[in-house]
Amino acid sequence: MELTTLETIPGKTITRHLGLVQGSTVRSKHAGKDILAGLKNFVGGELKSYTALLNESRNEAIERMVAQAQAVGANAVVNIRFSTSNIAAGAAEVMAYGTAVVVG
Amino acid sequence: MEVVIQIGIFVVLLAVGWFAGRAAEKRHFRELAETEASLRDILVFNERRLPPDGKFSRATLVVGSVVIAEDYFKRIAAGLRGLVGGRITVYESLLDRGRREAIVRMKQEARELGATMIMNVRLETASMAEDQSGRAPMFSAEFIAYGTALVPDRRS
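From first to last, the protein sequence lines are chains A and B. Numbered by the numbering used here, the letters in the first sequence go through residues 33 to 136 in order. Numbered by the numbering used here, the letters in the second sequence go through residues 6 to 161 in order.
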């Protein structure tokens, strides 16, 4: 499975378009790692546990998108975009979407 | 007596934020300058089209992200600034740090793949300020940088 943010895969041609595929995951931002983040309140800086949490969520969103693409018989996803939104207090949705295509 | 203790706590937190926060920010900017210099040979574009003369063996998604939070001093300073309006410089430097860090991480991922350029780069910011009770205890934001890393064809 090839993944790009471009409209094409360099050096290859798209032979079939299979439409939009997407994957998303909703995570609580307070997954027991909050005590450290609370202490960070006073000194600021990177919240490493949140960075890790969101990275994990993003990878899972990508995996789900890839699974959907495989299900429709694609071998690449082009034009990938990410979006993160706060759907409720304390929860974040991480989403990845793109166009499933067959390249040859 | 209670008032004195409360003011005391406030002053201590403010001092911690001021000293620790400033030291961390200085260190972060220094680290950023170093890593950015070492990654300067990876070219980053937000252009969608590929260079017409390039030959690439591989094109793949790369992502860099970071969640960064304010310190107590910045929070108070921004709150005071909010009363009179104008530029909130304490936040400007925070956002600058976050975004540069995300780009650096994306470039590091590209470096590991042996890529020389990253095309169609997108930057995104998501605020994470709210907690479960719906209040905003502090400002924190996630910065994402992503794009397509291009690995040159070694045979050509």
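These aren't lab readings, by the way, just hints derived from the structure by calculation. One or more of the hints may lead you astray.
[To be verified] What follows is a set of in silico ranges between Cβ atoms, one per label pair, in the way DEER data are often shown: (1) A/H49 with B/R127: 17 to 27 Å; (2) A/A123 with B/A28: 40 to 50 Å; (3) B/G13 with A/L52: 24 to 34 Å; (4) B/E52 with A/A123: 49 to 59 Å; (5) A/G43 with B/L100: 29 to 39 Å; (6) A/I119 with B/P157: 17 to 27 Å; (7) A/Q102 with B/V16: 52 to 62 Å; (8) A/I46 with B/F24: 54 to 64 Å.
Virtual Cβ for every residue (Gly too), placed ideally from N, Cα, C.
Hints, verified against the model:
1. A/H49 with B/R127: 17 to 27 Å: holds (22 Å)
2. A/A123 with B/A28: 40 to 50 Å: violated (33 Å)
3. B/G13 with A/L52: 24 to 34 Å: Violated, since B/G13 and A/L52 (Cβ atoms, about 57 Å apart) do not stay within the stated range.
4. B/E52 with A/A123: 49 to 59 Å: Roughly 35 Å apart at Cβ, these two residues miss the hinted range, so it is violated.
5. A/G43 with B/L100: 29 to 39 Å: Because 37 Å falls inside the window, the suggested range holds.
6. A/I119 with B/P157: 17 to 27 Å: Given about 41 Å between the Cβ atoms, the range is violated.
7. A/Q102 with B/V16: 52 to 62 Å: Given range 52 to 62 Å: holds, Cβ gap about 59 Å.
8. A/I46 with B/F24: 54 to 64 Å: holds (56 Å)
In this structure, the hints that do not hold are numbers 2, 3, 4 and 6, in rising order.
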